[in-house]
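Enquirer: What follows is each chain in one-letter form.
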Amino acid sequence: MKKHEDTIREVHRRINEYEAEKKLRRTRNFKIAAAVTPVCAAAVVGVGLWKGGALSSDNAKMSGSNANIIATEQNTTEVNTVPAVVTTEATIKQNEPATAEVKTTEAIPVQHETTEAAAKQTEPVTAEVKTTEAVPTQQETTEASESSQGTMRDMLAVKSVNGIVYLQFISSDVYTCGEYIGESSEFIGFPEEGSIYLSNESPDVIILKFTADNEVTLKKTDISPEQYQQEYEQMKEMIDSKRAAF
Amino acid sequence: MDNGASSYRRFRDNGDEHGLDEIIIGYRDGLMLYLTSIVGNIHTAEELTEDTFVLIGTKKPKFKGNSSFKTWLYTIGRNIAIDYLRKKSRHASVPMDELPEMQSDEEELETAYIKKEQQITVHKAMRKLNPEYQQILWLTYFEEMSSKEAADVMKKSIRSVESILYRARKSLRSQLEKEGFDYEKT
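If you read the protein sequences in the order shown, they are chains A and B. So for the first sequence, this note's numbering puts the first residue at 1; every next one is plus one. So for the second sequence, this note's numbering puts the first residue at 1; every next one is plus one.
Straight-line distance between alpha carbons at most 25 Å, and here's what the computed BS3-like set of lysine-lysine pairs gives: (1) K155/B x K59/B; (2) K2/A x K88/B; (3) K22/A x K62/B; (4) K23/A x K62/B; (5) K2/A x K59/B; (6) K124/B x K2/A; (7) K22/A x K59/B; (8) K3/A x K124/B; (9) K116/B x K3/A; (10) K155/B x K88/B; (11) K2/A x K60/B.
Derived from the structure by calculation, the hints contain no laboratory data.
One chain only, chain B, in its complex shape:
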């Protein structure tokens, strides 16, 4: 599979369902972890990730190639998550963040997606920062997006994203120090 654009093109233009399957396999975990940084809940993020794939499977929006496929897909996912948060703010619900099974699911996903133990530790520290810092750190540190791509996904200017990223790193460093993270090893 290339960057996902060709798979999506096969699905959209030729009706090849395997194209969509490839996209789901390639992007599901990363998108889910990114959406977790927005909604703060792995289960909700999973549903929203599913919603994202259903949306591109039903509405079949056109991918123009102005950005990478991942940026485009994450942007769609983010919009869905923002909609969800907007609706959720209207209908107050009981937070489920602290459920033990949710913690284990997130750890499982971290292990599967991030793989490196050191990065998993960083991700755990990230989860304690505010959502905006989590998002920018996830996109740039784990998804390896450029500032421009992160700015596209977050619908912000590059300067704004760089500023947020600077503060997010500072905050993450502080958090890691608090947890006794040994920088010498990295």
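If we strip away everything but chain A, and leave its shape as in the complex, we get:
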């Protein structure tokens, strides 16, 4: 059996051992906490960003696809460039007060803005908005063109009758055939089949009639045939090159 002194020594030794272990445990816990806290903080921040949508893959897709959106719209412009010729023509005539021009005039900013959108690739949002507005208008023009058979495309090119350039236009007004001018093949830019008449309603409007049910109304412009021919050639060249690329 131990003596009192031995017991006292043993008790103090065990107490000191306990204190040292406690201190060691506290130090170890502190070190673990110091190591884990930044990781936890980073995880919390990461989760926060993730939940907030900052790390979402949609964002990356959105930013990455902006250029594609523009490219797509450029392609759309290229596809619809044939009726765009019409809109160019309309640009020339936009100041005329005729009510029949309303729809064609709508196409004017479309052509220009679409071109702007293609040029301003650094401003994708603006380009998107403008293009979105432009697309249906162009489609409307295309639909109108396609509804008048395939020959309409050729007819839309250069239409010069006796030194006056005429431009096709779509109107809700009804024009009836008046004086017969001649066969379409006799004039520049017109298809071979068809007859041209003056309209009874307006001296500035002529009618190209293919059959009894198929006719196209054209309106007088102020530009010269040469100027129009030149613009048309340039436009056609650009269209052909883009179409080939597409």
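Take the given structure of chain A and dock chain B to it, following the hints.
Expert: Quick look at chain B alone, frame taken from chain A:
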């Protein structure tokens, strides 16, 4: 040293290690003999006594003064002994009660603590009773605790302690008679 409370206060509040030393010197033997009555083994009781002092030295539980310091200390010792017995019952071990060296250690402690030969004889007879009788007789006869204090240490009611004490005395008397103890001398 007073009843131990001031020594403990010095140790606990001021970090005076001598306070704990005084408690160990003053209470070790009595606590060890009391715990022997619970665990039935002087060596185990010695370890448990040490555990009791280590516990108050590390955890530093607050002594509120609701009872005497001895009662409080013995209660802690008893709880530790009960825990030990509970663990021991789960892990069966070989009893070492009959080792000769253990007998001599116990006799040595009896001689040192009890001093009076007559009381040593009574204590030897007590050791043959059941643990509960041993505990109550030790606390009331050798530690001179009241029934209330003994009840506090043993976590029993006063009535229950008095009943146990009555039966323990009867049993002790029987045991002493069996051993030829002469009551005329006392």
